[in-house]
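Going down the list, the protein sequences come from chains H and Y. Take 10 as the starting number for the first sequence in the working numbering and just add one per residue. Take 10 as the starting number for the second sequence in the working numbering and just add one per residue.
The reader is advised that the hints may include incorrect statements.
Given that identical chains are not distinguished, each listed pair holds provided it fits within a single copy or across any two copies.
For lysine-lysine, the following PhoX-like pairs were computed, each having C-alpha atoms within a straight-line distance of at most 25 Å [claimed, not checked]:
#1 Lys36 - Lys324
#2 Lys101 - Lys74
#3 Lys52 - Lys266
#4 Lys248 - Lys324
#5 Lys36 - Lys248
#6 Lys248 - Lys41
#7 Lys52 - Lys20
#8 Lys52 - Lys34
#9 Lys41 - Lys357
#10 Lys324 - Lys357
#11 Lys248 - Lys82
#12 Lys20 - Lys324
#13 Lys266 - Lys20
#14 Lys357 - Lys74
#15 Lys34 - Lys357
#16 Lys41 - Lys74
#17 Lys34 - Lys20
#18 Lys52 - Lys36
Quick caveat, the hints were computed from the structure, so don't treat them as lab data. The model shown is predicted, which means the values in this text are computed figures rather than measured ones.
There are 2 protein chains.
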Amino acid sequence: MSDIKAKNKSKDTRISTLLREIAEKAKTASQKLARTGTEARNKALLGMAQGLIDNAPYILDENAKDLAAAAAKRLSGAMTDRLRLDTARLEKIALGLGEVAALPDPVGEVVRMWRRPNGLQVGRMRIPLGVIAIIYESRPNVTADAAGLCVKSGNAVILRGGSETIRTNVAIGEVLRRASREAGIPEDSVQIIPVTDRDAVLEMLRLEEYIDLVIPRGGEGLIRFVAENSRIPVLKHYKGVCHIFVDESADEDMAEKISLNAKVSRPGVCNALETLLVHENIAPAFLPRIARAFEAAGVELRGCAATREIIPGVKEATEADWYEEYLDLILSVKVVSGLEEAIAHIEKYGSMHTESIITQDYGNARAFVDGVNSSAVMVNASTRFADGFELGLGAEIGISTSRLHAFGPMGLEELTTTKFIVFGEGQVRE
Amino acid sequence: MSDIKAKNKSKDTRISTLLREIAEKAKTASQKLARTGTEARNKALLGMAQGLIDNAPYILDENAKDLAAAAAKRLSGAMTDRLRLDTARLEKIALGLGEVAALPDPVGEVVRMWRRPNGLQVGRMRIPLGVIAIIYESRPNVTADAAGLCVKSGNAVILRGGSETIRTNVAIGEVLRRASREAGIPEDSVQIIPVTDRDAVLEMLRLEEYIDLVIPRGGEGLIRFVAENSRIPVLKHYKGVCHIFVDESADEDMAEKISLNAKVSRPGVCNALETLLVHENIAPAFLPRIARAFEAAGVELRGCAATREIIPGVKEATEADWYEEYLDLILSVKVVSGLEEAIAHIEKYGSMHTESIITQDYGNARAFVDGVNSSAVMVNASTRFADGFELGLGAEIGISTSRLHAFGPMGLEELTTTKFIVFGEGQVRE
């Protein structure tokens, strides 16, 4: 074996041993954490918030080192801005931890209880999932946000951020771990992976005996890499090709207001509108006015043939456009013959994220809600409401576009499972 | 390329094409099926039941061919008995389909609904998972049972049974598909994979764009093979190392009755008792009587040192015994210092399946239920109640010992997910 190979091999072994140790510690911590009360977990969260404020100079110092490394690597300004922390951003993160502490504890909730003919009382009680690994990219706020949600719901968390913020993440991790210890919950409830090799991620994705769930947060490349290599269940979110269908009975003012809000209020996010479907009977009146509104907002339209007949000069939408998540001020527009065609279009081209119908027709509202099985289906509301906070979950750890375990925005409840609890007085099975 | 290689390659391509076609058809069928009403799906189930009765001669003929092939392969008597169908068994399967038809429809249930400060009404509605693949071994009743549960809950199903029952499964599949067609639901709601190569399973496990969930049912080897090779989420059940803890305050008669029932009523199933933990203060009185009872029932005991002091002649339990799922008339017995040691033992050696405490102490009952996070935690009841029917789910598609999506026995609800439904009157996001 050559020297380089031997060195690589020993590095691989080191990473492998390190990851296994981290995962084992997380599992042990999760068992203790699952048995701590609401009060201790909330105390830890409030301690974390205070710790971030008290240790701001240290954290910002470490962040400055990450920023210097980014400058040396000539990262783009937008990228660098995502890495940057300042006092205001730290205070916002601390505030978020306080808000999570104030949410109801999902653990221990008995979601239902019933009695069997033999007298057994059977219920389902929420318990933590166990150990959750979060794999994310450059934003260091995820470190504290995700840790807070996991600890609140009684889960141990392993955090693996991007290499660009490794020093910041480790510093935040120290603060979170100290606050955990001081609140009487295991400090290994929160662990930061201190190496940033992709190999470390691969190693972690094989540790299914210790880790219960992986949540990748970042670009599609990262998410596909995790999904394809993981033996652990993955909650993933690929893309949001969201649709609005303007029915023939739509209130045109409402349709305009909602379509504009859904497209332009924040075009770069997953719940932004990407395709507008318009009923053929309302298209001649509605399309010209909405086109003017979009033009004024700087939105480029790409239309089907019928759209381009009504509003000449609109660029032609290709087949690829209907699949596209622009994340930009671009919108594809299609005229459809009615509800059925709208639903069929969504089924074929959509990403199962969020769709909304604008209608005054009772039957069509019902048919749309029943007929579309995306993670969020709306009537007369902006797709931008597809968000854990806006839907009232109190928090959001991510959005799932696959149907297992959770579908759509995920809050604290989605970080739990239920066990059966059974109370008897000597029942045996026949 | 040699001729054999070329032939193999063309076979691989054939299987790959076939599997992809099946999966695509299932996905299309699932979209249609999700939009059919309760009535059509129930009609299909009742038609399937009637079809199995009406076509009994054909199905039993095909089953006879499987049995002849089994005889030629010199399969064991027990194995052959699992393949065998007769009129009585077919009638029982048909009866089961009728019972599933009579259960409440989980699809469309709004499990909760709330109002947001901006007036949006937000709810969560149950919808089918989509396409479910079931991979199972020799029992042909699974073909109809699993298909019935999937269709009832609006899911398309792809069934891949063992090679020993391929003819029987294909015959049952024909009957189920005809009943689906006649009830006005897509016949591709139920598909049988007509090839039994393991390669076909591997191919299927990669089709994550079409299949939403895989449920392997069978031995640990099959389940590990599926779990390790699947890109699709897997609901799996490895083993059941179930414990009973006899607390010092236990009613001894009740403890004896429940322990016996849990061990001997059906030793070969996953919810049977494998380890008895006995509080040291009750052990001197309780162990001799329970030892006599187990001896009378033909159960071999394997004990810790303290157990063997109290009941001499008991074989020594090794470290490996505490991890063992005997599935036989063997029981490991350990004396523990109290609740804490019992819980720690379960955490270390258990399989997170089912545990029960026998106690008259209110505080210990609560502490056990809160402190043990197995999929079913019981007080004063036999572990044998860990079963979808016994717990009141109305049906059982399997038992999950991992925590994602479902934990413990799974009924119809566990074959659904929820989407958010949102009703507004023009709300946009600030």
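Each hint, compared with the structure:
Taking CA atoms no more than 25 Å apart as the test, Lys36 paired with Lys324 passes in neither setting, with 55 Å inside one copy and 33 Å between copies. When the C-alpha separation of Lys101 and Lys74 is checked against a cutoff of 25 Å, the pair qualifies only within one copy, where the shortest distance is 21 Å, while the shortest distance between copies is 71 Å. In this assembly of identical chains, Lys52 and Lys266 lie within 25 Å of each other by CA distance neither inside one copy nor across copies; the values are 44 Å within and 45 Å between. For a Cα distance limit of 25 Å, the shortest separation of Lys248 from Lys324 inside one copy, 24 Å, qualifies, whereas the shortest one across copies, 60 Å, does not.
In this assembly of identical chains, the alpha carbons of Lys36 and Lys248 lie at most 25 Å apart only when taken from different copies (20 Å versus 32 Å within one copy). Taking the shortest alpha-carbon separations for Lys248 and Lys41, only the inter-copy value of 24 Å comes in at or below 25 Å, while the best intra-copy value is 37 Å. Proximity of Lys52 and Lys20 under a CA criterion of 25 Å is satisfied in neither setting, with 39 Å inside one chain copy and 62 Å between copies. For the homomeric pair Lys52 and Lys34, the shortest alpha-carbon distance inside one copy (22 Å) is at most 25 Å, but the shortest distance between copies (53 Å) is not.
Taking CA atoms no more than 25 Å apart as the test, Lys41 paired with Lys357 passes between copies only; the shortest distance there is 13 Å, against 47 Å inside one copy. In this assembly of identical chains, Lys324 and Lys357 lie within 25 Å of each other by CA distance solely inside one copy; the values are 22 Å within and 64 Å between copies. Taking the shortest Cα distances, Lys248 and Lys82 never come within 25 Å of each other, neither inside one copy (29 Å) nor across copies (51 Å). With identical chains, the CA atoms of Lys20 and Lys324 are never at most 25 Å apart, being 54 Å at best within one copy and 47 Å at best between copies.
For the identical chains of this complex, Lys266 and Lys20 are neighbours neither inside a copy (57 Å) nor across copies (57 Å), given an alpha-carbon limit of 25 Å. With identical chains, the CA atoms of Lys357 and Lys74 are never at most 25 Å apart, being 48 Å at best within one copy and 43 Å at best between copies. For the homomeric pair Lys34 and Lys357, the shortest alpha-carbon distance between copies (14 Å) is at most 25 Å, but the shortest distance inside one copy (45 Å) is not. Proximity of Lys41 to Lys74 under the C-alpha cut-off of 25 Å is found in neither arrangement, the shortest distances being 35 Å within a copy and 56 Å between copies.
Within a single copy, Lys34 and Lys20 get their C-alpha atoms as close as 21 Å, which meets the 25 Å cut-off; across copies the closest is 47 Å, which misses it. Taking the shortest Cα distances, Lys52 and Lys36 sit within 25 Å of each other inside one copy (21 Å), while across copies they are farther apart (48 Å).
Hint violations for this structure: numbers 1, 3, 7, 11, 12, 13, 14, 16, all remaining hints satisfied.
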